[in-house]
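Okay, here's what each chain looks like letter by letter:
Protein chains: 2
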Amino acid sequence: MRDILLELHKSEIQGLLDLSTGAKAIRQAYIAQAQGCVQVSEVTYLGFEEVNGDCHVKSGHIDGSEGFVVKIATGFYNNPSQGLASSNGLNLLFCAKTGQTLALLKDEGWLTDIRTGLGGALTTLALARADFSRVLIVGAGLQAEHQARCLQHLSSNPGITFEIWARRPDQAEQTAQRLRSDGIEASAASDLQEACKQADVIITTTPTKTPLVQSSWVAPGTHITAIGADCPGKQELEADLVLRADLCLCDLAAQSLSHGEFQTAAAAGKLSAKTVIPIGAVLSDDHPGRTNDAQITIADLTGLAVQDAAVSLSVYRAAQTGKPNEGTIT
Amino acid sequence: MRDILLELHKSEIQGLLDLSTGAKAIRQAYIAQAQGCVQVSEVTYLGFEEVNGDCHVKSGHIDGSEGFVVKIATGFYNNPSQGLASSNGLNLLFCAKTGQTLALLKDEGWLTDIRTGLGGALTTLALARADFSRVLIVGAGLQAEHQARCLQHLSSNPGITFEIWARRPDQAEQTAQRLRSDGIEASAASDLQEACKQADVIITTTPTKTPLVQSSWVAPGTHITAIGADCPGKQELEADLVLRADLCLCDLAAQSLSHGEFQTAAAAGKLSAKTVIPIGAVLSDDHPGRTNDAQITIADLTGLAVQDAAVSLSVYRAAQTGKPNEGTIT
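Chains A and B, in that order, are what the protein sequence lines are.
Heads up: take any position in the first sequence, counting from 1, add 13, and you land on our numbering.
Heads up: take any position in the second sequence, counting from 1, add 13, and you land on our numbering.
A couple of the hints might just be wrong.
No copy labels: a pair is met if it fits in one copy or bridges any two.
[What the hints assert, rightly or not] Below 35 Å or equal to it, Euclidean Cα-Cα: the simulated DSBU-like pairs (lysine-lysine) are:
1. LYS110 <-> LYS23
2. LYS110 <-> LYS222
3. LYS23 <-> LYS283
FYI, nobody ran anything at the bench for these hints, they're computed from the structure.
Chain A extracted, bound-state conformation (with noise of 0.2 Å):
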């Protein structure tokens, strides 16, 4: 570490992550979390109350990997009022071999966007139905649109059409249009009930703590793909959805137990870390998935910081190989 060797800013960053790229460390990242084969601290915390504020650190490594990562992520709500924006973040990572300094990665936030997106889009491959085309994604945030966007980039399905519901009517339109204009067939539904009903895959990406997904709008054979609910209280779906489920997934027990999507069932004694199946267990072929067209499945993401290692890795690879970038997505 007498110097770091490499330092990007986040339009570096985002000119060097392939997606087909990413998307394979996210999935070997999966992988690696389901067989253990990972070293993950615990996320640290700091709170800022008088300004809104707060600090997570975490750091992680999968086994035999080059390098390991800290993110240092920020959330200052009050900065809009400055004209600062309220999220940032920045990647450390460093040698597995000799704790040197790899690369600083300013990347403000984007890294985690993306690969929440890209981990969602494997997610929902991996367990919808083969046939599927409907895709209504609940929300229409960032994060509605990198699930959009990863999904329709890493999915060979041609016929792919997306309804964006939101509260706001008028954003959920804007959302549309920025996936139209980049030639994703995207549509703003005004009816959530009649949305869900039609879809095959529902993607979440709401802070609500009112569930909007009523469990009696949703058809046999619909995925879920749940990536809102981060922290105890907030909730998207219905309780009654989550225990219908045929099969409940997950990145990490651990969080979405205790302060995910399956916070109520667990609470409820309902679901446990030995009933949710983790994806990269679907991934690497041990558990089967889906195992007809009939099944209702749902997969709760909270992140997990050896996707935040694997993004980091893809990206110092690409600047030390200096290898052309397709699939970009900024």
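Chain A is fixed; fit chain B onto it per the hints.
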């Protein structure tokens, strides 16, 4: 965090940290910690057994101060065989009002060494007899030198003499020589027992697991600052000596009692968080500290994240103001 405001290398940091200013900052950090006016995260750990390496991450903030710090410290103990330093580290300073990255301090662990040296010196000066002059330093490593240099710098006592004892007499002599070359009165001690008996102050800086300083060697009135013990199993002072002390002090009881010098006494139920005095309480005059010249006082230091925050802020402010720098020790 669109960009980091300030990035400094070790040599630049060394030129910016005024030791007297740094000591004031460390004093405030100790007092804030004792008064509970701090926020500190758990220390997190990743280990890399195959290459004898580890990484620790800690973060902290002194209430009301401008910035909080995240410190990443690595130790990869096979590195020297490749011509690389084993210990490295960097400090990231963030604005406590916006979360923006104020400074990246690529100090290679130097700030940790110096804040430990300054903390030891402040502690020694607060607890030693007013007329102390003979200082024995046990150990001849980097921290032995920092303790001597910081104590000499902060003390108004012109008559301090240092003796250095180490298992390897040649190393003790080399350290003493380096101190002498900077005008500090220092010599190597050949007999640890004799040196202990004659010392007014003993500062221990070794990683030993076999206690070196025996109780019967320590005269009434001696103050001991114990720096070395920082994990389960490490212990520099005979257990009886800790029990015999009139006053046991530390920077953070939770650390000293679980994995610092007081771990054995705590495990035997002889010391607790109620009986160990925070150094900050003495520095703020909330506790009288030493009350007569016959008392034996022992202070154990395991290091605080708010010390890292304090010295990082000192460097940042010096860089911002372009303030001239006096009393730097590199």
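Tested hints:
no.	hint	in the structure
1	LYS110 <-> LYS23	both (27 Å within a copy, 22 Å between copies)
2	LYS110 <-> LYS222	between (44 Å within a copy, 27 Å between copies)
3	LYS23 <-> LYS283	neither (43 Å within a copy, 55 Å between copies)
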